[in-house]
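Student: So you can see what is in the structure, the chains are spelled out below.
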Amino acid sequence: MAFLTLKETITIPTYDNPETCRAGSVTVDREKCNGCGNCVLICPGACLYLAGVGKERKAHMVDKEVPDCMSCNDCAAICKRGAIQADHGYDFGFFYKALHRAEMVPPRNF
Amino acid sequence: MVENVKAEISDSSNRAGEMYGWYEGMEWNPVEKVILERRSVRKYKDEQVPEKLVRRILEAGRFAPSAGNSQPWRFVVVRDGKMLEEMERYVRLRCRILKFLLDWEGGPLGRLAWLNSQLCIRLMPNELHPIPYGAIRLIAEGKLKLFHGAPTVILILMDRRGVGKPMVDVGICGQNMVLAAHSLGLGTCWVGFVELLNFGTKWKKKLGVKWPYRLMEGIALGYPVGQPDGMIARELHEIDWWEEGRKRTVF
Ligand SMILES: Cc1cc2nc3c(=O)[nH]c(=O)nc-3n(C[C@H](O)[C@H](O)[C@H](O)COP(=O)(O)O)c2cc1C
Ligand code: SF4
Ligand code: SF4
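As given, the protein sequences belong to chains A and B, one line each in that order.
Numbering (my numbering) for the first sequence: 1 to 110.
Numbering (my numbering) for the second sequence: 1 to 251.
Be aware that one or more of the hints could be misleading.
Claimed, not checked - Below, computed lysine to aspartate or glutamate pairings styled on DMTMM-like, alpha-carbon distance capped at 25 Å:
{"no.": "1", "chain 1": "B", "residue 1": "Lys-99", "chain 2": "A", "residue 2": "Asp-16"}
{"no.": "2", "chain 1": "B", "residue 1": "Lys-33", "chain 2": "A", "residue 2": "Asp-87"}
{"no.": "3", "chain 1": "A", "residue 1": "Lys-64", "chain 2": "B", "residue 2": "Glu-235"}
{"no.": "4", "chain 1": "A", "residue 1": "Lys-97", "chain 2": "B", "residue 2": "Glu-85"}
{"no.": "5", "chain 1": "B", "residue 1": "Lys-99", "chain 2": "A", "residue 2": "Glu-56"}
{"no.": "6", "chain 1": "B", "residue 1": "Lys-206", "chain 2": "B", "residue 2": "Asp-80"}
{"no.": "7", "chain 1": "B", "residue 1": "Lys-143", "chain 2": "A", "residue 2": "Glu-65"}
{"no.": "8", "chain 1": "A", "residue 1": "Lys-80", "chain 2": "B", "residue 2": "Glu-24"}
{"no.": "9", "chain 1": "B", "residue 1": "Lys-43", "chain 2": "A", "residue 2": "Asp-29"}
{"no.": "10", "chain 1": "A", "residue 1": "Lys-80", "chain 2": "B", "residue 2": "Glu-85"}
{"no.": "11", "chain 1": "B", "residue 1": "Lys-33", "chain 2": "A", "residue 2": "Glu-65"}
{"no.": "12", "chain 1": "B", "residue 1": "Lys-99", "chain 2": "A", "residue 2": "Asp-29"}
{"no.": "13", "chain 1": "A", "residue 1": "Lys-64", "chain 2": "A", "residue 2": "Glu-31"}
{"no.": "14", "chain 1": "A", "residue 1": "Lys-80", "chain 2": "B", "residue 2": "Asp-46"}
{"no.": "15", "chain 1": "B", "residue 1": "Lys-99", "chain 2": "A", "residue 2": "Asp-87"}
{"no.": "16", "chain 1": "B", "residue 1": "Lys-204", "chain 2": "B", "residue 2": "Glu-18"}
{"no.": "17", "chain 1": "A", "residue 1": "Lys-7", "chain 2": "B", "residue 2": "Glu-32"}
{"no.": "18", "chain 1": "A", "residue 1": "Lys-80", "chain 2": "B", "residue 2": "Glu-27"}
{"no.": "19", "chain 1": "A", "residue 1": "Lys-80", "chain 2": "B", "residue 2": "Glu-47"}
{"no.": "20", "chain 1": "A", "residue 1": "Lys-97", "chain 2": "B", "residue 2": "Asp-46"}
{"no.": "21", "chain 1": "B", "residue 1": "Lys-99", "chain 2": "A", "residue 2": "Asp-63"}
{"no.": "22", "chain 1": "A", "residue 1": "Lys-64", "chain 2": "B", "residue 2": "Glu-85"}
{"no.": "23", "chain 1": "A", "residue 1": "Lys-80", "chain 2": "B", "residue 2": "Asp-80"}
{"no.": "24", "chain 1": "A", "residue 1": "Lys-97", "chain 2": "B", "residue 2": "Glu-32"}
{"no.": "25", "chain 1": "B", "residue 1": "Lys-143", "chain 2": "A", "residue 2": "Asp-16"}
{"no.": "26", "chain 1": "A", "residue 1": "Lys-64", "chain 2": "B", "residue 2": "Glu-27"}
{"no.": "27", "chain 1": "A", "residue 1": "Lys-80", "chain 2": "A", "residue 2": "Glu-56"}
{"no.": "28", "chain 1": "B", "residue 1": "Lys-247", "chain 2": "A", "residue 2": "Glu-65"}
{"no.": "29", "chain 1": "A", "residue 1": "Lys-97", "chain 2": "B", "residue 2": "Glu-37"}
{"no.": "30", "chain 1": "B", "residue 1": "Lys-143", "chain 2": "A", "residue 2": "Glu-103"}
{"no.": "31", "chain 1": "A", "residue 1": "Lys-7", "chain 2": "B", "residue 2": "Glu-238"}
{"no.": "32", "chain 1": "B", "residue 1": "Lys-143", "chain 2": "A", "residue 2": "Asp-87"}
{"no.": "33", "chain 1": "A", "residue 1": "Lys-97", "chain 2": "B", "residue 2": "Glu-235"}
{"no.": "34", "chain 1": "A", "residue 1": "Lys-32", "chain 2": "A", "residue 2": "Glu-8"}
{"no.": "35", "chain 1": "A", "residue 1": "Lys-64", "chain 2": "B", "residue 2": "Glu-105"}
{"no.": "36", "chain 1": "B", "residue 1": "Lys-143", "chain 2": "A", "residue 2": "Asp-63"}
{"no.": "37", "chain 1": "B", "residue 1": "Lys-206", "chain 2": "B", "residue 2": "Glu-85"}
{"no.": "38", "chain 1": "A", "residue 1": "Lys-32", "chain 2": "B", "residue 2": "Glu-37"}
{"no.": "39", "chain 1": "B", "residue 1": "Lys-43", "chain 2": "A", "residue 2": "Asp-87"}
The set of hints was computed from the structure by calculation and includes no laboratory data.
Since this is a predicted model, take the numbers as computed values, not measurements.
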C-alpha cells in the first residue's frame with residue numbers, strides 16, 4: 001500500500017538532489033533514430049539534443065542528474081520511427097512522492 | 001429486441017470504429033481515438049486558423065457541463081501576433097524575477113534563494129511543484145516558449161462566483177475545446193503560465209481581468225508542425241474497485 005509518512009509529508013525535497021529525486025528519462029534506440037530532431041524541437045523540458053555527424057547523428061538526453069523531463073512521452077508521439085520512449089514516471093519524493101502508480105503502458109482497449 | 005442488438009453487435013468485422021455501442025475486442029471509436037491520440041503541441045506553423053474554425057471550437061466550450069449550469073467562464077481570443085509576443089515577453093520577465101528569487105542552483109542569491117524557495121514552496125506547493133519550478137527556469141532562460149508560436153490563443157477567464165468548484169468547470173470547458181480542435185485537425189497546448197499575466201496591471205487592464213474574473217488558463221491553437229499526435233505509454237494508476245462488499249485493486 002502506498003502512503004505518505006508524516007516525515008515525508010512535512011519534508012520538501014531538494015529538487016535537484018539525485019539521491020532522492022527521480023526525474024523522467026528517455027531511452028533512444030540508436031538503430032531506429034535518424035537524427036531528424038523533431039523530438040528535440042518539441043520537448044517541453046528542453047532535455048533532448050542532437051549530437052554526432054552524418055549517420056551517427058542521434059537524439060540524446062542532456063547530461064544532467066535531474067533533467068527537466070516530465071515523462072510526457074510527447075517525444076515518443078512525434079517520433080514516427082518509434083525510436084524514443086520514456087522509461088518511467090517522475091518521482092521527487094517526500095512531500096511530492098508519487099502514489100498509487102505502476103509502469104507505463106499504452107492505452108488498452110478492454 | 002435485446003437479442004437482435006447483441007447478434008448485430010457481435011458481428012464485429014464491419015463495425016470497426018463505430019459509435020454508441022461496445023463489444024469485446026472493439027477498435028477505438030473516433031471519440032476515443034481523439035482522446036487517446038491528443039498530445040500537447042509545442043511547434044506550430046505560421047498559417048492562421050480560419051475564424052470560423054475557432055468559432056466552432058468555442059461552441060464546444062460553450063456546451064461544456066458545469067456545476068448548477070453556472071458556466072463560470074469567459075473567453076478572450078487573441079490572434080494578434082504582436083500582442084501574443086508582448087504577452088510572452090511579459091511572462092518571461094516574470095519568470096526571470098521568480099528565478100532570481102527562488103533559484104538556488106545558479107542564482108546570485110544562493111543560500112538565501114534556497115530558504116526563500118523552502119518557504120514559498122510550502123505556501124504554494126502546487127504552483128511551485130518541481131515541474132513548474134523547472135519550467136519557470138526554462139521560460140526565464142528562453143528554453144521553453146509560452147505559446148509555442150501558435151497563431152491563435154484562447155484565454156479562459158473564470159467567474160469566481162461560480163457554483164461549487166468553478167475551477168473544475170473551467171477545466172472541463174477547456175478540454176471540450178481542446179478535443180474538438182484535435183478532431184478538426186488542429187493542435188493545441190494548455191498554457192497554465194498565462195497565470196503570470198495576472199501579476200501587474202498591464203494585461204489585467206487590457207484583457208478585462210477584474211472582479212469577478214480571474215485569468216486561469218490559455219489554450220494555444222494552430223496547425224502543428226509534423227505529426228505530434230499519437231498514442232503513447234503512460235503510468236498505470238492503482239484503482240480501488242468495490243463490488244459485492246469486497247475491495248479489489250485493479251490497474
Ligand atoms: C492546466 C494545464 C496547464 C498546462 N500548462 C502548460 C504550460 O504552461 N506550458 C506547456 O508547455 N504545457 C502545459 N500543459 C501541458 C502539459 O504539460 C501536458 O498536458 C502534459 O505534459 C501531458 O502531455 P500531453 O498533453 O501531450 O498528453 C498544461 C496542461 C494542463 C492540463
Ligand atoms: S528520436 Fe525520433 S524524433 Fe528524435 S531525432 Fe530520433 S528519429 Fe527524430
Ligand atoms: S518525455 Fe517529455 S519531457 Fe521527457 S524527453 Fe520526452 S518530450 Fe521531453
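Student: Next step is simple, just say for each hint if it's right about the structure.
Tutor: So, going through the hints one by one against the coordinates:
1. Lys-99(B) to Asp-16(A): holds, 15 Å
2. Lys-33(B) to Asp-87(A): Roughly 24 Å between the alpha carbons, so the hint for Lys-33(B) and Asp-87(A) holds.
3. Lys-64(A) to Glu-235(B): Holds. Lys-64(A) to Glu-235(B) sits at ~23 Å (cutoff 25 Å).
4. Lys-97(A) to Glu-85(B): With Cα atoms ~37 Å apart, Lys-97(A) and Glu-85(B) exceed 25 Å; violated.
5. Lys-99(B) to Glu-56(A): violated, 37 Å
6. Lys-206(B) to Asp-80(B): holds, 13 Å
7. Lys-143(B) to Glu-65(A): holds, 18 Å
8. Lys-80(A) to Glu-24(B): violated, 29 Å
9. Lys-43(B) to Asp-29(A): Holds - the C-alpha atoms of Asp-29(A) and Lys-43(B) are around 24 Å apart, at most 25 Å.
10. Lys-80(A) to Glu-85(B): violated, 31 Å
11. Lys-33(B) to Glu-65(A): Not satisfied, since the Cα-Cα distance of roughly 36 Å exceeds 25 Å.
12. Lys-99(B) to Asp-29(A): violated, 35 Å
13. Lys-64(A) to Glu-31(A): Distance of about 24 Å is within 25 Å: holds.
14. Lys-80(A) to Asp-46(B): At roughly 23 Å apart (the allowed maximum being 25 Å), Asp-46(B) and Lys-80(A) satisfy the hint.
15. Lys-99(B) to Asp-87(A): Distance ~29 Å between Lys-99(B) and Asp-87(A) Cα, so the pair is violated.
16. Lys-204(B) to Glu-18(B): violated, 46 Å
17. Lys-7(A) to Glu-32(B): Roughly 41 Å between the alpha carbons, so the hint for Lys-7(A) and Glu-32(B) is violated.
18. Lys-80(A) to Glu-27(B): holds, 21 Å
19. Lys-80(A) to Glu-47(B): Given that 25 Å is the threshold and the Cα spacing comes to 23 Å, the pair holds.
20. Lys-97(A) to Asp-46(B): violated, 41 Å
21. Lys-99(B) to Asp-63(A): Between Lys-99(B) and Asp-63(A) the Cα gap is close to 22 Å, so the pair holds against 25 Å.
22. Lys-64(A) to Glu-85(B): Violated. Lys-64(A) to Glu-85(B) sits at ~31 Å, over the 25 Å cutoff.
23. Lys-80(A) to Asp-80(B): violated, 33 Å
24. Lys-97(A) to Glu-32(B): violated, 31 Å
25. Lys-143(B) to Asp-16(A): Since the Cα atoms of Lys-143(B) and Asp-16(A) sit roughly 18 Å apart, the hinted pair holds (cutoff 25 Å).
26. Lys-64(A) to Glu-27(B): violated, 41 Å
27. Lys-80(A) to Glu-56(A): Cα-Cα ~18 Å, so holds.
28. Lys-247(B) to Glu-65(A): Violated. Lys-247(B) to Glu-65(A) sits at ~40 Å, over the 25 Å cutoff.
29. Lys-97(A) to Glu-37(B): violated, 28 Å
30. Lys-143(B) to Glu-103(A): violated, 29 Å
31. Lys-7(A) to Glu-238(B): holds, 23 Å
32. Lys-143(B) to Asp-87(A): Measuring from Cα to Cα gives roughly 23 Å; hence the hint holds.
33. Lys-97(A) to Glu-235(B): holds, 14 Å
34. Lys-32(A) to Glu-8(A): Violated. Lys-32(A) to Glu-8(A) sits at ~41 Å, over the 25 Å cutoff.
35. Lys-64(A) to Glu-105(B): holds, 13 Å
36. Lys-143(B) to Asp-63(A): Holds, at roughly 16 Å.
37. Lys-206(B) to Glu-85(B): holds, 15 Å
38. Lys-32(A) to Glu-37(B): Distance of about 22 Å is within 25 Å: holds.
39. Lys-43(B) to Asp-87(A): holds, 24 Å
Checked against the numbered hints listed earlier, the structure breaks hints 4, 5, 8, 10, 11, 12, 15, 16, 17, 20, 22, 23, 24, 26, 28, 29, 30, 34; every other hint is satisfied.
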